[in-house]
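Based on the provided sequences and hints, a complete structural model is requested.
Protein chains: 2
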Amino acid sequence: MKQDELLKLDNQLCFAVYACTREITKLYTPLLKELGLTYTQYVTLLALWEKDRVSVKELGQRLYLDSGTLTPLLKKLESQGLVARTRDSRDERNVLISLTDEGRKLKEKACGIPMAIVRQLGLSAEEAEKLRDDLADLLNKIQLRHQPT
Amino acid sequence: MKQDELLKLDNQLCFAVYACTREITKLYTPLLKELGLTYTQYVTLLALWEKDRVSVKELGQRLYLDSGTLTPLLKKLESQGLVARTRDSRDERNVLISLTDEGRKLKEKACGIPMAIVRQLGLSAEEAEKLRDDLADLLNKIQLRHQPT
DNA sequence: TCCAATTTAATTTTATACAATTTTATTGTA
DNA sequence: TACAATAAAATTGTATAAAATTAAATTGGA
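Quick mapping for you: the protein sequence lines, in order, are chains A and B.
With my numbering, you'll find the first sequence wraps up at 149, consecutive numbering, no jumps.
With my numbering, you'll find the second sequence wraps up at 1149, consecutive numbering, no jumps.
Certain hints may be false.
[Said to hold, decoys possible] Which stretches of chain B does chain A cover? Using the computed rule of at least three CB atoms under 8 Å from a CB of chain A, they are:
hint: 1; segment: 1016–1025
hint: 2; segment: 1105–1111
hint: 3; segment: 1126–1134
[What the hints assert, rightly or not] Partner residues aside, some chain B positions facing chain A, computed with beta carbon under 10 Å:
hint: 4; residue: 1028
hint: 5; residue: 1047
hint: 6; residue: 1065
hint: 7; residue: 1117
Quick caveat, the hints were computed from the structure, so don't treat them as lab data.
In this text the structure is predicted, and so the values were computed from the model without any measurement.
Backbone N, C-alpha and C fix where the C-beta goes; we use that ideal spot for every residue, glycine too.
Structure (structure tokens):
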């Protein structure tokens, strides 16, 4: 493709990903509103429901977010009574995030969301899995090229 | 898949899209810094390089952004001398955005960016096009289900 | 042991995003 | 012409995001 064609929005993979993210987020908004959560708060809880009592750093690596985003977000979840923030007594630099009973209980109210969203996306389970795997591969490729340690 | 499996981050298409967007944006940051632009400012210019002298509303539909995001962004681009904001004399409710000479000229400095990014993504042209089309289809599906007019 | 280098969170700054509201302009209609 | 309904931007408030800096704790030598 010519440079001029490559500059067009509709030809750009990156713009497609960017636009999709925001349109998908809008699908979540009404569902998450019932739980009093935003999308970022929701994925943070998804991570914690899988693995509780993790440091902010580990959570950040899992979610691809840094402390500048997570610190205020976790304080918000703390104020809502969903998580607890405690310093690791063995290494006081680490802040450990744990779910409260209420935070754990919220999982039951959230468990229908993934299905409801996939239905709204209008993709078959197979199509959704294929696209997810393609994007996961892309994410891995970017990671490898950018943090070669 | 069981509900509990569906709640896991790595099984979620939506999280893959969300994470990809942010990692991709980070690839743009150093390239766009040389032009003094952010990613959102860049895609706004991409839209204007394709079609100049459009209303904020039309620009918003093209970029999937609303006036709450675009108004301050366009004022910023105006202060940088890249665009002009004028009221449509035929309907004073509309603000028309036009490129300045400097805004048009910036296209030449930006024309190498798409290629540089695709190279960093580590996908072949065919893979990138396939993924782009899949995401464009998804975007269309979401649109159809949510604005049936 | 001492202290420089490193690590981890938190803070600050700038820039998105978007819902909800307000302001201004236009249009349709009695 | 009035004026209600509609439309388009702008504004306000809240919540991300990330770069850059700061603060506190730990670690690894000399």
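Would you pick out the hints that fail for this structure and give their numbers low to high?
none
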